[in-house]
Amino acid sequence: MRVAEDVIRARGLTLAFGDRVVLAGLDFAVRRGEVFVVMGGSGSGKSTLLRHLVGLQEPAAGQVFYGSENFTLASAPDRERILRRVGVLYQGSALWTALTLAENVALPLQQFTELGPERIREVVEFKLALVGLHGFEEYYPWELSGGMQKRAGLARAVALDPEILLIDEPSASLDPPTGRHLDRLISQLKEALGTTVVVVTHDVASILGIGTRALFLDAEEKRAVAEGPPAELRDRGPPQVRAFFGQAETGS
Amino acid sequence: MPVDGVAAPATVEMSLGPDGALAIRLGGVWRLAADTPGVARVEEELASGPPRRVTVDLGAVTTWDTALVVFLSRLASLCRDRGVDLERSRVPGGLDRLLLLAQQPVSPPEPRAGPPALLERVGERTLSLRDRAADTAAFVGFTALAMGRFVLRRARYRAADLGLLVQGAGPDALPIVALVNLLVGIILAFVGITQLRRFGADHYVAEVVGIAVVRDMGALITAVVLAGRSGAAYAAQIASMQVTQEVDALRTLGISPVEFLVVPRVVALTLMMPFLTLFADAVGVLGGAAVGTTMLHQALAAYLRQTAASLTAGDVMGGLVKGATYGALVAVAGTLRGMQAERSSEQVGRAATQAVVTGITLIIGACGFFQYLFFLFGW
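Chains as they are written, first to last, in our numbering: chain A, 16 to 267; chain B, 2 to 380.
Calculated directly from the structure, the hints in this document are not laboratory data.
Incorrect hints may appear among the rest.
Stated by the list, open to error - A few chain B residues that face chain A, going by a derived Cβ cut-off under 8 Å, partial list only:
{"hint": "1", "residue": "ASP66"}
{"hint": "2", "residue": "SER74"}
{"hint": "3", "residue": "LEU99"}
{"hint": "4", "residue": "ALA103"}
{"hint": "5", "residue": "ASP132"}
{"hint": "6", "residue": "ARG230"}
{"hint": "7", "residue": "SER345"}
Ideal Cβ positions, reconstructed from N, Cα and C, are used throughout, including at glycine.
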């Protein structure tokens with residue numbers, strides 16, 4: 016039964032750039048419906064791990080599973096089919112700057128659904144309303160603030176109702192209130208859409224605020240040193256994890 | 002979630018009850034992947050005679066995603082607009098939360114003006130032309146000032162960048178410059194021989210090719226190649242730096258982007274063009290010689306001696322000066338278009354295109370100007 020509710024599983028995953036190993040021997044599972052946080056200091060390979068989960072980089076060893084399917088060994092069409100169920104919000108929003116917000120959200124719908132233009136417009140308006148950007152359909156990304164761009168990126172990531180939402184540093188380069196607002200929005204979307212969320216972040220407030228379980232990556236040991244509910248890791252985790260929570264809180 | 006788009010398509014059934022209530026029953030699979038009904042029919046029904054209230058029963062819906070939520074959201078706003086009460090029953094869990102989230106209050110943006118009228122567009126284009134001209138003049142002025150600071154060794158730039166730019170603009174361009182100029186030399190010789198033959202003067206082809214290549218074509222063709230090569234690259238690079246705000250980062254650090262980005266490129270191209278031109282001259286003459294020796298059976302040494310005898314040092318120097326000028330123009334056109342780009346990926350492509358167009362236009366214009374000048378002074 017446990018296997019069935021794991022939506023993503025990593026087995027003996029080793030990430031490397033050429034000969035330089037970033038992380039070795041990762042084993043973890045993301046369960047359906049949770050907010051799984053990947054945390055760690057800068058350079059611990061958090062974002063690299065995310066890139067491996069969506070196939071932008073290939074692991075040096077080990078495998079990634081989506082449900083019961085082996086993503087690492089899957090053929091290109093199979094990978095595409097699997098990724099269709101995954102939405103990604105990139106650190107820099109990665110909105111297409113030559114397109115308006117509406118066109119950004121509409122693109123996946125146009126490519127992967129049979130909806131007519133009128134229905135697509137309705138869905139796009141609804142998705143933008145979900146992230147509080149109703150009325151900004153015709154704006155270009157660069158006309159918006161960083162927080163709004165992030166929210167628009169989120170609207171695009173959930174355009175196809177993904178089962179799994181991968182988010183890279185949601186609060187990076189946002190002020191704390193805007194960051195918390197985005198965290199709340201992610202929780203609400205998760206509750207409403209029933210999405211499983213994987214968040215990569217070093218933002219302690221964000222980790223404690225939205226994470227149900229967390230994985231701590233250690234840059235020095237180049238491996239995952241702790242896994243569990245964030246509050247528990249903060250209070251009873253290994254010393255470097257407790258230090259991470261403490262330092263980041265006093266440092267900010 | 003199983004994807005079963007074939008099973009039981011989404012259905013909307015409506016019936017008007019005796020108490021004046023419109024009962025809507027939704028059923029089947031409501032997924033974005035399969036096209037689902039819109040609210041148009043309900044809207045017609047509401048318009049034909051507003052019912053007292055509307056009830057929606059979702060009991061028969063088997064699978065759903067945003068498609069259903071959008072339908073209900075539209076229905077809710079239709080009913081709100083007409084002041085009709087809406088009752089929902091057997092709503093799947095989680096759906097209400099989504100609807101609520103979509104209705105969160107937002108600060109609406111300022112309304113956007115629609116597309117302007119023709120006259121307005123003409124006016125706006127004209128004004129933007131004027132602005133662009135002013136922009137260009139300012140850019141040229143700033144570049145000139147920055148070049149002055151460069152000469153006085155007070156400009157801020159990275160020497161390593163300049164080195165790379167020089168290599169990219171000069172040595173890296175040698176193969177393509179060689180190929181194109183060799184072909185131009187061959188073409189000139191062919192045209193020359195066929196035309197001169199009519200007057201029995203085809204043995205003067207060495208002079209024709211030599212003078213044409215050294216005085217003009219070498220520099221001109223090389224500059225056109227560089228406009229497509231380096232000019233486009235400069236524009237694309239600076240434009241993408243605009244997208245990622247790298248140019249802004251320079252500015253706020255107090256580093257003039259003109260000194261840091263424009264000057265090294267202008268210097269690199271202006272410096273390399275005379276060398277490339279000299280190289281192009283040699284290759285062009287060799288191209289002519291290839292035709293002369295095969296078609297006219299001239300000896301290579303004789304052909305080259307004939308070429309050398311027809312040229313003066315002034316011819317060569319004039320060509321080099323032209324080359325340097327073209328180089329500066331190509332670099333200025335490229336960097337100008339890059340700096341003018343806005344923060345969108347589309348603008349990167351546009352900047353590269355415009356850099357080439359502007360560059361070639363400037364080169365040809367300058368070439369015409371040089372012809373007149375050289376003619377006037379009898380050079």
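Now the hints, each set against the structure:
1. Nearest Cβ of chain A to the Cβ of ASP66 (chain B): about 4 Å, under the 8 Å cut. The hint holds.
2. Annotation: SER74 (chain B) was flagged as interfacial toward chain A, and the flag holds, the nearest CB pair being 6 Å apart, inside 8 Å.
3. Because the beta carbon of LEU99 (chain B) sits about 4 Å from the nearest beta carbon in chain A, less than 8 Å, this interface hint is met.
4. Restraint check, ALA103 (chain B) versus chain A: the minimum CB separation of about 4 Å is within 8 Å; hint holds.
5. The beta carbon of ASP132 (chain B) comes no nearer than 19 Å to any beta carbon in chain A, farther than 8 Å, and the hint placing it at the interface is violated.
6. Restraint check, ARG230 (chain B) versus chain A: the minimum CB separation of about 25 Å is more than 8 Å; hint violated.
7. Proximity of SER345 (chain B) to chain A holds as hinted, the smallest CB-CB distance being about 4 Å (cut-off 8 Å).
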